[in-house]
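Residue numbers (our numbering), protein chains in the order written: chain E, 1 to 154; chain S, 1 to 860.
Treat the hints as calculated values from the structure; they're not laboratory data. Some hints here could point you the wrong way.
[What the hints assert, rightly or not] Once the Cα atoms are required to be at most 30 Å apart in a straight line, the calculated DSSO-like pairs of lysine-lysine come out as:
no.: 1; chain 1: S; residue 1: Lys-281; chain 2: S; residue 2: Lys-801
no.: 2; chain 1: E; residue 1: Lys-7; chain 2: S; residue 2: Lys-478
no.: 3; chain 1: S; residue 1: Lys-183; chain 2: E; residue 2: Lys-70
no.: 4; chain 1: S; residue 1: Lys-791; chain 2: S; residue 2: Lys-801
no.: 5; chain 1: E; residue 1: Lys-8; chain 2: S; residue 2: Lys-414
no.: 6; chain 1: E; residue 1: Lys-54; chain 2: S; residue 2: Lys-129
[As the list claims (entries may be wrong)] FRET-style restraints, in silico, Cβ to Cβ:
no.: 7; chain 1: E; residue 1: Tyr-17; chain 2: S; residue 2: Lys-271; range: 52 to 58 Å
no.: 8; chain 1: E; residue 1: Gly-36; chain 2: S; residue 2: Lys-129; range: 40 to 46 Å
no.: 9; chain 1: S; residue 1: Met-55; chain 2: E; residue 2: Lys-7; range: 36 to 42 Å
no.: 10; chain 1: E; residue 1: Glu-44; chain 2: S; residue 2: Ser-787; range: 21 to 27 Å
no.: 11; chain 1: S; residue 1: Ala-745; chain 2: E; residue 2: Glu-11; range: 35 to 41 Å
no.: 12; chain 1: S; residue 1: Ser-787; chain 2: E; residue 2: Gly-36; range: 29 to 35 Å
no.: 13; chain 1: E; residue 1: Lys-154; chain 2: S; residue 2: Pro-808; range: 53 to 59 Å
no.: 14; chain 1: S; residue 1: Gly-27; chain 2: E; residue 2: Gly-36; range: 32 to 38 Å
no.: 15; chain 1: E; residue 1: Ser-39; chain 2: S; residue 2: Lys-791; range: 18 to 24 Å
no.: 16; chain 1: S; residue 1: Pro-131; chain 2: E; residue 2: Ile-118; range: 53 to 59 Å
[Unchecked claim] Partner residues are not named here, just some residues of chain E that face chain S (Cβ under 7 Å, in silico):
no.: 17; residue: Pro-18
no.: 18; residue: Ile-49
no.: 19; residue: Pro-53
no.: 20; residue: Lys-54
no.: 21; residue: Arg-58
no.: 22; residue: Gly-59
no.: 23; residue: Thr-62
no.: 24; residue: Phe-63
None of the values given here were measured: they were computed from a predicted structure. A virtual CB, placed ideally from N, CA and C, is assigned to each residue, including glycine.
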Amino acid sequence: MFSETAKKELEEIRLKYPNARAALLPALYLAQREFGWLSPEAYEAVSGILGVPKAIARGVGTFYAMYKHKPMGRNIVQLCTNVSCMILGAERLVDFLKNKYGLEPGGTSPDGRFSLVIMECIGACGTAPAMLVNDDFFENLTEKYIEEILEKYK
Amino acid sequence: MIKVTINGKEIELEKAVTVLEAAKSAGIKIPTLCWHQQLEKYGGCRLCLVEVEKMPRLQTACTLMVTDGMVVRTETEAIANVRRSVLEFLLINHPLDCPYCDKAGECELQDLVEKYGARAGRFTEEKRKVPESLEDPVLVRNMERCVVCTRCVRMCEGVQGAAALGVISRGGHSHIEPFSGGKFECEYCGNCVSVCPVGAIMSRLHRHSYRPWQLVSETETICPYCGVGCTLVAQVRDDVIKRVVPRIGTPVNNGLLCSRGRFGYEFVGSKERLTSPLIRKNGVLEESTWEEAISLVAKKLGEIKAKHGSDSIAGIASPRCTNEDNYVFQKFMRVTIGTNNIDSTARTGYAGAQAFIENIFGQGSTANLIPGLANSDVVLVAGGDPTAVNPILGLQIRACARRAGSILTIGHVKGLRHYSPVELRPALFRETLALEGIVSALRNKKGLPGSNQILEAKLKDINTTPQEAAGACGVAEKDFAVFVDRLSGAATPAIVIGKEIVQSSGGNYKLFLLAAINYLVNGRIYLLSERANEQGLLDMGCAPDLLPGYRPLAYAEFRKRYETAWKTAIPERPGLSIFGMIDAAKQGSLKAMYVMGENPVYNLPNSRDVEAALQKVDFLVVQDIFLTETAKLADVVLPALSWSEKSGTFTNMERRIQRVRKAVSREGMEDWRIIAEVARNMASKFHYTGAEEVFAEISKVSPLYRDLAYEEIEKGQSIYPYKGEPLRSTVEEISVDKGAGVVAASRFYLRLERPLFHSGTLSRKAAALVNIYSGALARLSTADAASLGVKDGDVVRVSTKIGSLELPVAVDGAVEQSVVMLTNNFEGKGAFCLAEYAVDPVTGAPVIDCNAVMIEKVER
Chain E
1 MFSETAKKEL EEIRLKYPNA RAALLPALYL AQREFGWLSP EAYEAVSGIL GVPKAIARGV
61 GTFYAMYKHK PMGRNIVQLC TNVSCMILGA ERLVDFLKNK YGLEPGGTSP DGRFSLVIME
121 CIGACGTAPA MLVNDDFFEN LTEKYIEEIL EKYK
Chain S
1 MIKVTINGKE IELEKAVTVL EAAKSAGIKI PTLCWHQQLE KYGGCRLCLV EVEKMPRLQT
61 ACTLMVTDGM VVRTETEAIA NVRRSVLEFL LINHPLDCPY CDKAGECELQ DLVEKYGARA
121 GRFTEEKRKV PESLEDPVLV RNMERCVVCT RCVRMCEGVQ GAAALGVISR GGHSHIEPFS
181 GGKFECEYCG NCVSVCPVGA IMSRLHRHSY RPWQLVSETE TICPYCGVGC TLVAQVRDDV
241 IKRVVPRIGT PVNNGLLCSR GRFGYEFVGS KERLTSPLIR KNGVLEESTW EEAISLVAKK
301 LGEIKAKHGS DSIAGIASPR CTNEDNYVFQ KFMRVTIGTN NIDSTARTGY AGAQAFIENI
361 FGQGSTANLI PGLANSDVVL VAGGDPTAVN PILGLQIRAC ARRAGSILTI GHVKGLRHYS
421 PVELRPALFR ETLALEGIVS ALRNKKGLPG SNQILEAKLK DINTTPQEAA GACGVAEKDF
481 AVFVDRLSGA ATPAIVIGKE IVQSSGGNYK LFLLAAINYL VNGRIYLLSE RANEQGLLDM
541 GCAPDLLPGY RPLAYAEFRK RYETAWKTAI PERPGLSIFG MIDAAKQGSL KAMYVMGENP
601 VYNLPNSRDV EAALQKVDFL VVQDIFLTET AKLADVVLPA LSWSEKSGTF TNMERRIQRV
661 RKAVSREGME DWRIIAEVAR NMASKFHYTG AEEVFAEISK VSPLYRDLAY EEIEKGQSIY
721 PYKGEPLRST VEEISVDKGA GVVAASRFYL RLERPLFHSG TLSRKAAALV NIYSGALARL
781 STADAASLGV KDGDVVRVST KIGSLELPVA VDGAVEQSVV MLTNNFEGKG AFCLAEYAVD
841 PVTGAPVIDC NAVMIEKVER
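Please build the complete structure, drawing on both the sequences and the hints.
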């Protein structure tokens, strides 16, 4: 279930849009924040409050990659392996994450600290390779630099 | 006038339509996949691409509107190439398993590939593998075959309004799934099956047992379940109904069906069907011959009539049987037996409510067209969930909401909860106060129209304040005012009344108040009807005080008319109502009963008492297709033919007379024929060669069906009262009995659940419906379940003064507090064995809302 503050927030979100369905995307983000991922219960909660049928809500949610449909680690590492990043060694970085933190692409580290998502281009081709950790942006990555960055995320 | 040229052919159009429709009107076929006549346009499949001069790219014909001077080509080599490519893409992941796909032969993808090619695809990658989903009892999903045209999603959301399906994921991973990913857990209307162009969503009934081209016959007939009277097509092979489908263009349901109509037909082939007559010998029902059974019935009834008089015999007719069956039955009771003791379960609500309303507004005033609901600007629902009792009618209410109409409900209506209803939820036994509040607020706001003095005299003294009414519903006065404002501002309001109101204490007064609302807002009333021919049975005169054609028995001139037609005297004294019969049986004054196609021991409240009463009757004849609870008590059981095995007519709640046609054959006799045989054995002249001849007599004697013949009915427009004018508008004195008023004194009260998936004796023999909803449940509100410390699946003992049942709990957010909802649909677990009743003094309906209930958890 949503916390009382989240419920209130959701009602405020709802009022910004002409109809309930239009409010689905921010509502699902809110649910993801509250539940950690979009579980069936999260969809039911959103559907219950917005009055949008749950099958429709799930259809919308599963369209977008940034909604997570399985439990995630405490921090989400999103690494780009598209052309520029790949040329500048992103795949080496994938191996590094695997060896150092036990992070498989699409998986979660055994300690639940990180989840790794492989991204398609985050618009940093000039400063590749690049990644996002939660909402923070990092570029010109090296193995050492990654190690330093991840140190800050517990 | 718009002129367009399609394939060199000039077409003139009155108004702008899509290119697809314009082409269709000129007989030019453009291939489609995602387009469907019943659904919103989508433009997703790209198969209807056409060339339009002066437009740079190919255009989708299904979404492009024609403009004057437009030149279109639908079949060129370039178009064929594109269509071939589109199909090649669709086949990337399609398994091409046509040899064992049930859809083969009527698959739109198969037909298109056959026409445009792309048989050998150029993709060498492995096809996506998705196991077929068989988790659901009724529907099977095969996502390898799916072409993601989203017809099912649009049907489910935009037409059915269940919104149980969605497109999950995206791109090449897109697929259709119900929320759970496995079971549909939906309304099981199966309308997704109807619109699926490929074999992706299919029915599991008779799976892999036929090919579409092997279906040897198709019979258009009427659904045997509720009073809406949907047309359905029974498709038959080897004399077995393999499939029931709707047809686009039929008057009531127009291409849609509900779960009962589509999946409920299997009872016809049930192994439990009675095959030969049974006679009780030494206390045991034994198989016998027709000759022996019929002559025994005739002999015994003759003896009892001679010894105890005609009025010691009573008959119960059936809202499941055809007009012809019911007509012959009442004629048998009146002519051969010589009594007006004939009634039916229509007495449990529909008959009395209709008589009451039509006494105020004129006969035929409750006969309103079902599709008309969608065009109302306000629909007020009171006394039940129309989407469960009369599902196809419920869809029209949903359509009304979708067209920006307002839905107002008295109480919570589960099936309309997604349609922003304005609800008034009166506390237990305080509905009257809420309705009175609405009446007086409307009267004060709009004034009295002045056209019905008798009604106005009665409603002048109603002075419940908005404050009191709002208080009874636990809402603020301003919310109550919103409700009233919506009603008073309505231009074309409709009021839908269900049995819950009729069967509640003070039911007739509540009906009066609803009639008053209807009068003040100038609306139309719809009465929900649970049985296929409830209306027809009343038209046929299966009531103790009415002759065929609704002619009151009390008037000598009407009696005379039928006496002339039937060449016999008709007793003047009205007969016993169904509840009067039960009382008379208990007292011992009723000696014999003839029950046709009804199961009073189960379908009447206080069913154990009814059972005891019928046991006291000296001679009980039951004519049915199953050995029902009632048949088990009988002295003679006569097996009848079911709805699909005979010919006849049903009259729906709109008073539309429709043809029931024989789809499969079976040895035996129709109900009317059995009765005619008994009558003949009692020296009455009942000579009919077929149902049509019975109908010919009906159309001769009944003013409602005057001059109608099967031929005319088959055109589908036989509906009365003609042109919406009431047949008779006798506003007689309106008698109303408010009753004493009930104060909630018990922690819980019994309420009846009328589920979408069941309707008693027939549906519980339909395997698919039983698979969907398989056993009786005790439904409790979330709060009550918590306070009792029970959760889903826990067993509780539900007891009233007269009995108790142990049932699993279902926690249901839609249930009101302080009530427990039980169904009367499962063998040995019927809610009616717990429900005492009193008869409403005006409508004659049983009042069953005062049954106090104790609930205790059964520890296992």
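To see whether the hints hold, each was checked on the structure:
| no. | hint | in the structure |
| --- | --- | --- |
| 1 | S:Lys-281 with S:Lys-801 | 36 Å, violated |
| 2 | E:Lys-7 with S:Lys-478 | 25 Å, holds |
| 3 | S:Lys-183 with E:Lys-70 | 21 Å, holds |
| 4 | S:Lys-791 with S:Lys-801 | 25 Å, holds |
| 5 | E:Lys-8 with S:Lys-414 | 25 Å, holds |
| 6 | E:Lys-54 with S:Lys-129 | 26 Å, holds |
| 7 | E:Tyr-17 with S:Lys-271: 52 to 58 Å | 56 Å, holds |
| 8 | E:Gly-36 with S:Lys-129: 40 to 46 Å | 31 Å, violated |
| 9 | S:Met-55 with E:Lys-7: 36 to 42 Å | 50 Å, violated |
| 10 | E:Glu-44 with S:Ser-787: 21 to 27 Å | 23 Å, holds |
| 11 | S:Ala-745 with E:Glu-11: 35 to 41 Å | 39 Å, holds |
| 12 | S:Ser-787 with E:Gly-36: 29 to 35 Å | 32 Å, holds |
| 13 | E:Lys-154 with S:Pro-808: 53 to 59 Å | 48 Å, violated |
| 14 | S:Gly-27 with E:Gly-36: 32 to 38 Å | 59 Å, violated |
| 15 | E:Ser-39 with S:Lys-791: 18 to 24 Å | 20 Å, holds |
| 16 | S:Pro-131 with E:Ile-118: 53 to 59 Å | 27 Å, violated |
| 17 | Pro-18 | 14 Å, violated |
| 18 | Ile-49 | 13 Å, violated |
| 19 | Pro-53 | 3 Å, holds |
| 20 | Lys-54 | 5 Å, holds |
| 21 | Arg-58 | 6 Å, holds |
| 22 | Gly-59 | 3 Å, holds |
| 23 | Thr-62 | 5 Å, holds |
| 24 | Phe-63 | 5 Å, holds |
In this structure, the hints that do not hold are numbers 1, 8, 9, 13, 14, 16, 17, 18, in rising order.
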